[in-house]
Amino acid sequence: MSASLAVRDLSVRYQTPRGEVHALRHVDLDAEPGQVIGIVGESGCGKSTFVSALANLLPPNAMVEGAIGYGGTDLVGLDPCRRRMLQGNEIALVSQDPMTAFNPVLTVGDQLVDFQHHRSDLGRAEKRRRIAAMLERVGISDPERRMNSYPHELSGGMRQRVAIAAALLTDPGLLIADEPTTALDVTMEAQIVHLLAELRREYNGIIVLVSHHLGVIAELCDRVYVMYGGEVLEAGDVEEIFDRPRHPYTRALLACDPARFDERLERLPTIPGAPPNLIDPPPGCSFAARCSRVFAPCHTTHPAAKVLPTGHVARCHAVVL
Amino acid sequence: MSALLATEDLDVSLLRPNFVSRLLNPWPRKLFNILEGVTLFVLPGETLGLVGESGSGKTTLARTMLGLTRHSAGRITFEGREVRTPADFRALRRQSAMMFQDPTGSLSPRLRVGTLLAEPFTIRRMAVGDRSALVRSMLAQVGLPESVAQLYPHELSGGQARRVGVARALALRPRLLLADEPTAGLDVSVQGEVLNLIADLRREHGFAAIIITHNLSMIRHVSDRLAIMYLGRLVETGPTAEVFKRPLHPYTATLIRSEPVPDPRRKRTELAIRGEIPSIFSRPAGCEFHARCPFAQPRCRAEAPAYQAVAPGRNVRCHYPMEIEQQERDAAIPAPINRRGSSNEVEHRQA
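Going down the list, the sequences are from chains A and B.
What the first sequence shows, in the working numbering, is residues 1 to 321, in sequence order.
What the second sequence shows, in the working numbering, is residues 1001 to 1351, in sequence order.
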């Protein structure tokens, strides 16, 4: 099944002994089937909270407001039992660390059989045939033998391939990949990126790809959301974001990537300062303390999301329509 | 200029970890080389980048250079004198420092940052006088506020933990810094801050640095020379800018092409490298890279290439190094998109 995703005004707060953490604030996101959505930002900007909210994996101390519309159903308001039923069939997650995603004492074949528990119409032999076909599709040679391997017997790149196969076995309408290449070498990263690029051609659901690697985002995504301090500061088509970034944070983030410079730099560009404390977020723009184009209203007034004619959304006082 | 630290034909071997075969046949024991024939030097004050995939032996080489892993053959020299006995290595370690891969894991979780920073002096039994003044000056040097001294390692962010690692490593003013993946897991902006900090301190104190990484887009900006490792052997060394401009070993060329480019119009359709690094326990015959090499010839499967000098300062371990003259001719013709440098050579070599 393929359905569209519409996140509206999604906020997540955590109750902690030190106070309430506003981990996610007023996030809007839209995706159509077949699209690859990229979410980019520094550590602690709310990327993981956002995908955890989508995948219903938030810890119990999280309070969620807003709506996650998936195929016309609001997942936030759904009762937990029905939400789990829907999610098990429709939403799959590929996590950053493929080692901890699997049970170390079961073979990957057994685990992949278990992932298909919702397919009560299939027998065990049929399920194993589907697994072998899926492992082959994600580029694992000799899948029959690999199914009898334990997770520790596979290399990091191969485990990530198995994790992607596991996610695709449920035939999800929404595939979330949370930093799928961060734990891998550059050569394995290139192979996984290549695999995802191949899969997206035949896959007709939505892929949400979280990464702090701008090269990976540029290569795979159709639309990019730039997050900072729990907010989406800028969103737009991938060419717009990389060629005509409007928000000063996006510009600073792009300028920091050493891969953009062929000649040796004496000093690598950085963004001075640190991300805001989300227990007591600043009243104005969350990037104001580090912004090079800051002016009077930035510290006091929270900027509204401005929609530009190009379909670009930027949350900045300095952006004029 | 003579080398600060040099290795000649360095081997590191381990017993094959196979319990049953050792039980049945305790002698002769089979040795497996983790590192093989590593000849490398670092000049005073220079930054050397050590690059390769996981399992290529980068960390083992760094550990061996400081005597934390014993070498089974070859020589290590420091300022021209051979380092052999444990006492020699202790003296070498006094003049060098290592930043380990896991920044938080390499700090004791039970000690406060202040104590951790003073630890190098304690270990070397050096008088420090006013300890809190020392800690304050060390924190200031790496750009951390004084309050950090009261924190425990788990309370630090990734970038702060690296800074504490830098301060500890440089506490005794080493001549050589070995930094193992100093930016792994850091955001791109924080990565820049840590590397700028190391570069600033290096300019100030003039130590040499060996930076171990698999991040090519970062290392090209911070290193003077590059050494590329594959399966425990050096496959190429040379000045960083030249290696990026004209890689001689096909492995180097594929590594450079594997790096994603932050430009949405340059979506790659071809995969630069297939397959994975082989196991050290089943080294392929001939050239170790032949199974993944796009240009492998019959000779590569049969005969292991030597590590040879092909140009001043450039060594390569390949029977058919990507021809220098060929590349110079290609460079003279302005290619439409040749940002990554190696797309032309590929076609010529296949032809």
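Honestly, the hints are just simulated from the structure, not real lab data.
One or more of the hints may lead you astray.
As a list, the in silico DMTMM-like pairs of lysine to aspartate or glutamate whose alpha-carbon atoms are at most 20 Å apart [said to hold, decoys possible]:
#	chain 1	residue 1	chain 2	residue 2
1	A	Lys306	A	Asp30
2	B	Lys1267	A	Asp30
3	B	Lys1267	A	Asp9
4	B	Lys1267	A	Glu240
5	A	Lys306	A	Asp9
Owing to the predicted nature of the structure, the values given are computational and were not obtained by experimental measurement.
Outcome of the hint check:
1. A:Lys306 <-> A:Asp30: 16 Å, holds
2. B:Lys1267 <-> A:Asp30: 24 Å, violated
3. B:Lys1267 <-> A:Asp9: 33 Å, violated
4. B:Lys1267 <-> A:Glu240: Within the cut-off at roughly 15 Å; holds.
5. A:Lys306 <-> A:Asp9: 15 Å, holds
Violated hints, in rising order: 2 and 3; the structure is consistent with all others.
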